[in-house]
Every structure is written in structure tokens, then in C-alpha cells.
Amino acid sequence: MNQAEDKYTTLQPEELWHIYANVEAIFRGAGSGSSPKLVGTKGPSARHLDIIYDPVECVEVVVPNLTKGLSFSGSVERLQRLNIGGAVWKLPRGAILPKGLVFNYREIDHPLLNAGVRMSVVEFSAKTLVLAKQMVFTGIRIR
Amino acid sequence: MKLRAQYLEIVREAAGVAAEEEFPHVARVLSALASESEFRLSTLDVDQLRTFARFIRARATLRHPYWDDSHEPYVEAHEEEFLELMNGFYGAFAAFLLDELSIAVEPQPAG
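From first to last, the protein sequence lines stand for chains A and B.
Here numbering that gives the first Met the number 0 is used: the first residue of the first sequence is 0, the next is one more, and so on.
Here numbering that gives the first Met the number 0 is used: the first residue of the second sequence is 0, the next is one more, and so on.
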């Protein structure tokens, strides 16, 4: 676990459920009925990640940034207070975070999924897909 | 209180949207948040920021009414654009309000 001056904390895969010890899952809003939509049709969001072009590898890469990431939530209630429309999905307790991905947080009820190491956008997308396959639709939709 | 650097981008973007929509108070508050080292929000500021977030949310629903794949009519393009906004500008702004300013768009959870 790495903690920055700004009080952001980075959780490695093996640390995730030790920190989120008292919740059954962490949640993700703005999904569809068939997908949590971690990555959009145009690829990972540059709004939430640091994505740069690597002129040596000739590919776009995700650079770790502990203040950024794809938003998750410690509770459904938080998503309702934000009024984030869409289907609510959950990452159940015990789900395995693919190696290389991390969760960052400043507020514990707002975990941010990001790359923990520099990796190509393609690799990041593939890893989020592995994670998405472990996610379950809660049956809740915020309209 | 001083705005954390990671929120500058979303606050500036929101200030631009507020200016375009001719929402003078919201534009002024957001511009001040982005530029001043210290800030303190009034009751009016909080109310206007919450109303602005609700406006963005309502506009997304009005522009993409057929986003919900559990109801007919459903249009895939509406879903894609609506969810992109929820995951993008709206979601980032709503999270900024809650995490940084302790302003919930819906103080009572919406169902």
C-alpha cells in the first residue's frame, strides 16, 4: 500500500479486499444491462487516465497516476446521491484484480481503477475486460 | 479551502459549459474555484452548483431518452452517448461536487 502526501492510497491486487473488508462488493454505475462498460467503444477514457503516445513502441500507453482512474463506489447509495444514470454492477468480494491494475482512493468510498504500472492501452483494456467478467449486475438501475 | 489540482480540469470545463449556457452565477463560482487560492461557498453557491449538475443530468436524459436497454423504445446510440456522459463529464462533475465540496446532487438517494 502506497500513500502519497495528498492522502491518496494505492491498493495492489492482494490488498484490495483487506481494505474493503466490511463491504460485500464495490460498485460501478453507468453500465448497461449487459455490461459494466468499464471501457467505452472508443477505448479507455482519457478523462480518467493519463494516456500518452509512446514514440518508441509506437503505441498509446496508460501511465500510472494515483489521483485518477475509472470510478467505482463503496456503496450503491453513493451512486444514487451522485445520480449516475445506468445499470449498477458490482465487483463481488474476493474478485481477483488482474496483475498490473490497482485501485487508488482518497475517499475510501470512491475507489479508482487504474494501471499500477505503465502499460499499453490495449493491455489495459484487456485487463479491464478480465475484471469486467467477474462483475455482476445488481439488478439496480438509476434512471 | 483550496481546490486540489486534480479537479482543475473538470472545474474549468464545467465553467465553460456554464458560460455557454449563460448561467452567470455558476460560471462565476466555478471560475473563482479554478483561479482563487482559497474559497468559501455561500448557500446560494451550493444551491446553484447542485441545480447546474441536475441540469446537466436532465439534459442528458432529454437528449438521449431511449438510453435504457430494459425499456422500449431503446436506441443503442442513445445508450452509448448517455452512458458516456454519465461516465464522463457528468460523472466527473458530480463526483467533484461530492468528494471536494460535500455537495450531493441528490441529498436523498434517488431510486
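Among these hints, one or two may not hold up.
Here are some chain A residues the structure puts well away from chain B; computed CB gaps all over 12 Å [claimed, not checked]:
#: 1; residue: I18
#: 2; residue: A29
#: 3; residue: G30
#: 4; residue: Q79
#: 5; residue: P91
#: 6; residue: R117
To give an idea of the interface, some chain B residues facing chain A are shown, with a C-beta separation under 8 Å as derived from the structure [claimed, not checked]:
#: 7; residue: D67
#: 8; residue: S69
#: 9; residue: A93
To be clear, the hints were calculated from the coordinates, so they are not data collected in a lab.
Built from N, CA and C at the ideal position, the CB exists for glycine as well.
To see whether the hints hold, each was checked on the structure:
no.	hint	in the structure
1	I18	holds (18 Å)
2	A29	violated (4 Å)
3	G30	violated (7 Å)
4	Q79	violated (3 Å)
5	P91	holds (21 Å)
6	R117	holds (19 Å)
7	D67	holds (7 Å)
8	S69	holds (6 Å)
9	A93	holds (4 Å)
Checked against the numbered hints above, the structure violates hints 2, 3, 4; every other hint is satisfied.
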